[in-house]
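Chemist: Order-wise, the sequence lines are chains A and B.
Going by my numbering, the first sequence opens with residue 1, and the numbers climb by one from there.
Going by my numbering, the second sequence opens with residue 1001, and the numbers climb by one from there.
By construction, these hints were calculated from the structure, which means they are not laboratory data.
Every residue, glycine too, gets a C-beta built ideally from N, C-alpha and C.
Honestly, I wouldn't trust all of these hints.
As the list claims (entries may be wrong) - Computed Cβ-Cβ distance ranges for the label pairs, DEER-style: (1) A:K613 with B:R1071: 18 to 24 Å; (2) A:E182 with B:R1071: 34 to 40 Å; (3) A:S124 with B:E1052: 33 to 39 Å; (4) A:N279 with B:Q1015: 25 to 31 Å; (5) A:H316 with B:R1071: 57 to 63 Å; (6) B:E1052 with A:R504: 31 to 37 Å; (7) B:E1052 with A:H267: 19 to 25 Å; (8) A:W467 with B:I1016: 34 to 40 Å; (9) A:L636 with B:E1052: 28 to 34 Å; (10) A:A72 with B:I1016: 38 to 44 Å; (11) A:E151 with B:I1016: 49 to 55 Å; (12) B:E1052 with A:A72: 27 to 33 Å; (13) B:E1052 with A:E475: 25 to 31 Å; (14) A:N279 with B:E1052: 21 to 27 Å.
As the list claims (entries may be wrong) - Some but not every residue of chain B turned toward chain A, in silico, with C-beta under 10 Å: (15) V1039; (16) A1044; (17) Q1045; (18) R1058; (19) L1067; (20) V1081.
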Amino acid sequence: MKVALLGQPNCGKSTIFNAVAGYRSATGNFPGTTVALAWSKVRLNGEVIELVDLPGIYSLTASSPAENVAKAFLLEQDADLVIHVMDASTLSRSLELTLELRELGVPMVVCLNMMDEAARKGISISAPKLAELLGLPVVTTVASRGEGIRELFAQVKKQMDADASAKAAVHSGDLAWHKDVEAAVSSMQESLNGDLARLRVPARFAAVKLLEGDEDLLARFSPRVRTVATEVRDTLEQSHGRPAESVIMSERHDRSMHLFEQAATLHRPKPDIRIALDNLLMHSFWGYPLLLAILGGFFWAVFGIGSILETALTAHFETAFRFLASGLEPGSLSYAVVRSVWDGLAGGVGIVLPYLVPFLIGLAILEDVGYLPRVAYLMDGLLHRVGLHGTSMLPLVLGYGCSVPACLATRILPSRRDRFLASVLSILVPCSARSTVIFALVAFYLGPAWALAIYVFNGAVVVLSGWLLARVWPEISAGMILEVPNYHWPTLRVVIMKTWLRLREFVMVGLPLLVVGSLALGLMSHWRLDRFVNDAWAPLAGLLGLPAVLGTILIFGILRKELTLVMLAQVLGTAHVTSVLTPAQLLVFTVFVTFYFPCVATLGALLKEVGGKLTALAVTYTTVLAIGLSIAVRLLFALV
Amino acid sequence: MVTAHVKTGTSEALQITSLDCVSGQGTVEVLEICGGRRVTVSLAQLGIRAGEMLRVRRAAPLGGAVLVETRERTVAIGRGVAHKVKVRIQS
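Start from the sequences and build out the full structure, keeping to the hints where you can.
Modeler: In structure tokens:
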């Protein structure tokens, strides 16, 4: 049995998915957090079902690749049942999607989520009345607090167990629109005949979508049907004085308003402090210093916590190593093995984790509280000047966590060119791995102000790169249309689970890779094999003013960027890197690591999202940029 | 109460303008979306379509986005898109 969670963006689908499947699908308080399918097997009263979390979709007329994923699943994957999740506080708009889904004839349970938010807005909804009007089971939930989830899945089970006739009866509601529109739908429906057999959708659904000008569906029909569609659309347009899709949407809107008025009553909304908060955080002037203060506070908190933990942990690891290696002779193979394995482990646990954990916690809070769409609003004007728009801000901010989900998040952008630009810019943003390099090297040894300067420098390079790439690939950007959700208090459980979801990847994949990589480097150094790589890197190292021994670790860094940090002490032969590298060299090295070749996982994501040619272009650009900027930093220090 | 007004224009233009030209807070009625299918559909999905009333909340500086409230949602609209939304200012 296959059950899909479907609904408009940011209505809580992933929160419901995670409540029953364990935390597997990232959640966030902004539209477009889920851009791909998330699957999980869930046991429901002894029966195993496949639960699928779909990207949010405003209607079955998809306008971005992420929405297309949901639409394609619905039309092609034969879901046995759909849980249609609705944000109860936006009921009338959400009902328009419900009416579309009814046209599709898929068995459905309606989940009215965020009932607390609706109450706050003064909207009181009668679930039994709505169920009666829709002819569908309706369950109310507050998924963020786990309320109503059990009842929802009990209803899902009940619906799945119902026989076919009961399921069919669910959809025998009144869908009638105005007479002339109904006549147009009927006339379209009659022309489908043989063509419809190849598609597994009801005739009415297909007819309506063809009248709405759905390009995907039009392409699947014969030229005869397409001609009829054009004729009927023209007739509708002439009689209503506006495009056919607008006429159909108005019909659905009127019907959903009618349903809303019957099922909901409006009261005076409760006083909401969040409006005052918005007045401050989105203020034309104060919004910007506050944005800098919030990001600056985040930075200082991560560095403050990270440096305390790093100092304490590395001291313990060094003591433990002295104990472990007490019987081993320096220079021997066994000493090289123990030293390198221990360096990998100590680097991962003692240096990377102290910064990574507070960083991921902070990012989870920022995402959940709903601040990111406000940042998109504030930054739209600036981003427009570099050829992008505010919506591109979401992948860019996600890039601070990890470049892979950032590349995937570009799917919320409708234009291929915008997706490419946002992908390239998001991989230039230092991910959490590169941030640990910045924190543990620059902030720890040179002071937090220098690390902050690297972030500011990086931001300037991202903006200039956007400006440059937009001129190489000129296109009028589609412009931002972004829903700004209400602020939510992030729950402790969600923040912990989300941090763990991201941390798990580091613990399960990253940490073993650090140990294995460190061991490989230890063995290469022991047998002096690293000299081949270092010799090849030497000319560039000379240009950058860096020691040739850093060549090998930059190659390893392509596997995981944290390896550059962990291996640095290993190749330099001391944990106190400033005793070997000058401050200028430390900065040049960090700038190079921040911008150079993307890691393997990011490369895979780029290939998937923008294709081979554009990936090659992106990689060439970042590498050339890394070399150029590193040389510039070196020259700048030489002049000073 | 603060009402919306048009930055420049004749007496008729004081009533009908595009959304990007509305400054201050106030209520406007959407008259027409002068854009392609994608823009029209994307705006309509969020409740911005001919005949709907919008409350303009604020506009970001330096040609930034316009923040509007529909009956149920708050939406940030880039200036380019806002220019395509023709509105009548309500008193």
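Chemist: Going through the earlier hints one by one, which of them does the structure break, listed in rising order?
Modeler: Numbers 1, 2, 3, 6 and 9, in rising order.
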